[in-house]
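Participant: Order-wise, the sequence lines are chains A and B. Just add 1415 to wherever you are in the first sequence, counting from 1, and you've got the working numbering. Just add 162 to wherever you are in the second sequence, counting from 1, and you've got the working numbering.
Hints are not guaranteed to be accurate.
Unchecked claim - Restraint ranges, calculated between C-beta atoms of paired labels, are given here:
id, chain 1, residue 1, chain 2, residue 2, range
1, A, E1526, B, W445, 19 to 25 Å
2, A, Q1645, B, N288, 54 to 60 Å
3, A, T1486, B, L437, 49 to 55 Å
4, B, L279, A, Q1477, 36 to 42 Å
As the list claims (entries may be wrong) - Stretch by stretch, here's where chain B covers chain A in the computed footprint (C-beta under 8 Å, at least three residues):
id, segment
5, 1472 to 1485
6, 1493 to 1506
7, 1513 to 1523
The hints are simulated quantities; they were obtained by calculation from the structure and are not laboratory data. No experiment lies behind these values; they were computed from the predicted model shown. Glycine residues also receive a C-beta, built at the ideal position from the N, C-alpha and C atoms.
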Amino acid sequence: MIELRAVSKVYPTRKKGAVTALTDLDLRVADGEFVTLVGPSGCGKSTVLKLVAGLLAPTTGQVLIDGRPVTGPRREMGFVFQTPVLLPWRTVRENVLLPIEMLGQPVGPVERRADDLLHQVGLADFRKAHPWELSGGMQQRVGICRALIHDPAVLLMDEPFAALDAMTREALGIELLRIWEEQRKIVLFVTHSIPEAVLLADRVVVMTSRPGRIAGIAEIDLPRPREIDQEYDDRFKNAARRIRRLVEGGGVDEGQRLDAVASSPSHVIRPPSLVGDGGAAGGRS
Amino acid sequence: MDVPRATEDAVRGPVTGTSTGDAAETPDQARERGFSLPADLGRWTAPLVSAILIVVLWQLLIVVARLQPFVLPPPMTVWTAFQGNITALVANAWVTLLETLAGFFLSIAIAVPLAILISTSAPLRNGIYPFLLLGQSVPKQAIAPLLLLWLGYGDGPKVVLAFLTAFFPIVVNTAIGLQMTPPEMLDLGRLLSASRWRLFAKVTFPAAMPYFFAGLKVAISLAIVGAVIGEFIGADRGLGQMIVVATANAQTPLAFAAILMLSFLGIALFGLICLAERIICPWYNKG
Ligand SMILES: Nc1ncnc2c1ncn2[C@@H]1O[C@H](COP(=O)(O)OP(=O)(O)OP(=O)(O)O)[C@@H](O)[C@H]1O
Ligand SMILES: [Mg+2]
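Build out the structure end to end from the sequences listed, making use of the hints.
Facilitator: Spelled out as structure tokens, the structure:
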């Protein structure tokens, strides 16, 4: 389980003094949960992922994983970036195996796993190809395999499909869900696309504009396994609409808006004070 | 459902442009790919056409301006001088080649470690860079006589001059290349607690190779210039010395033949570096 307790993050900058990226952020993510984060640009979504990964330390508050505070970079994290960032001199398979090499482990025993992962994302025939021979969507698939190769407990994804066209994006989302159904890792997934957030998530966390905090959380009670067709479902549309309102209301006046969320007629969206209570029923520890 | 997508894409527009995966394309490659002639045809015919054009203009200039052969010899005379003195030209070219290569490899041997130091620590960078710039702003011709004084008449000053002229572009390009590691890769390395050395060997260093080679391509021509300046100042052999002597004796066609030989040398060395680049980083010119 991942817990952020009253986390704030202030970036010192040379010119403008300090930038408060996050204030007073509370979030709990249960094991096996798929959580998407949406919010205006610059509200601190990437910062949240980096805090969870241990790449950044919170200015105040605590980040806990399975009850233990995060004190540095954690190798049980898989990270998928917005751009695939593959190494052009390595083949697809060698790129997938890079984390194993970085860990200083022998790649031999893991090669099968790399091939299996590539097979799962439909790239079995491209193991020996080089990144430049792949389309953007295929490259991002490789990026996902690379993030999963060392079997991390948590998958952190920072707008992984942002550079792709809408159709590729949906297809990749569904593929990701299929892998997730099998492996049931925690997934923290940042996106700018509300439909994507709804399609993938158990819960959608909406953040306010800077300084970022949680504007509300929407539980998505669409049945799994998810399919693209569910986008035409009324429940899907309603959830998307509510999230959109939250996003658009973000940052106008924090106090008022949070009250508005709290008293909103929807049973799905809850104010930050209740965050995480619902998701705590996870399986793995 | 359409409305949100449209706005999101608008927001994301500039972000996608910063994709790191294919940022390495130079304008030259872009142009080459856009070239409409079949690539090979364009590659060989275009320089040939320019060469013919230059020779024609050269001849034309002589005829129109009524230049004497000892001022500007016609192309055919130069070519005859080239063929007639081929043994001497090759022998002297060999000398200049060795001086150039000695200086060139010396500058690689010192520039690359220095670039690594510069790129790994900000204090070192701030300590070293100003002096590099200072050194670079000193005209090499100016110190050539001093080198002659210190190192004597032999190969020493030529090698040092070749080294000094080649050094700067290699350091600067390599240092820049070593700092071009995608930040995501650095994060990945930290997450997996990869040692600095491992990250360097697996990511940082290979990623810098195209920049290193860009530096080498500039440096090799400069190294030849350095060696030739050294020969101008004082030498008893080498193409530079040959040019000086031929000019003094009013053997202008021979001087031109030596210059022709120098450019052959430059082209050959440049070509070798391109070949090495293609072998060592074949990924670089790929789409
Ligand atoms: N290294 C840094 N130094 C200073 N300020 C930073 C740094 N990283 C982020 N910030 C600031 O913190 C805020 C949050 O940044 P972050 O990258 O987390 O936002 P984001 O929600 O991921 O935005 P986007 O949707 O555009 O990716 C931004 O306003 C940014 O200016
Ligand atoms: Mg971000």
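Participant: Next step is simple, just say for each hint if it's right about the structure.
Facilitator: These are the hints, each one checked on the structure:
no.	hint	in the structure
1	A/E1526 / B/W445: 19 to 25 Å	22 Å, holds
2	A/Q1645 / B/N288: 54 to 60 Å	57 Å, holds
3	A/T1486 / B/L437: 49 to 55 Å	50 Å, holds
4	B/L279 / A/Q1477: 36 to 42 Å	39 Å, holds
5	1472 to 1485	violated (count 0)
6	1493 to 1506	holds (count 10)
7	1513 to 1523	holds (count 6)
Comparing the model with each earlier hint shows a violation of hint 5 alone; every other hint is respected.
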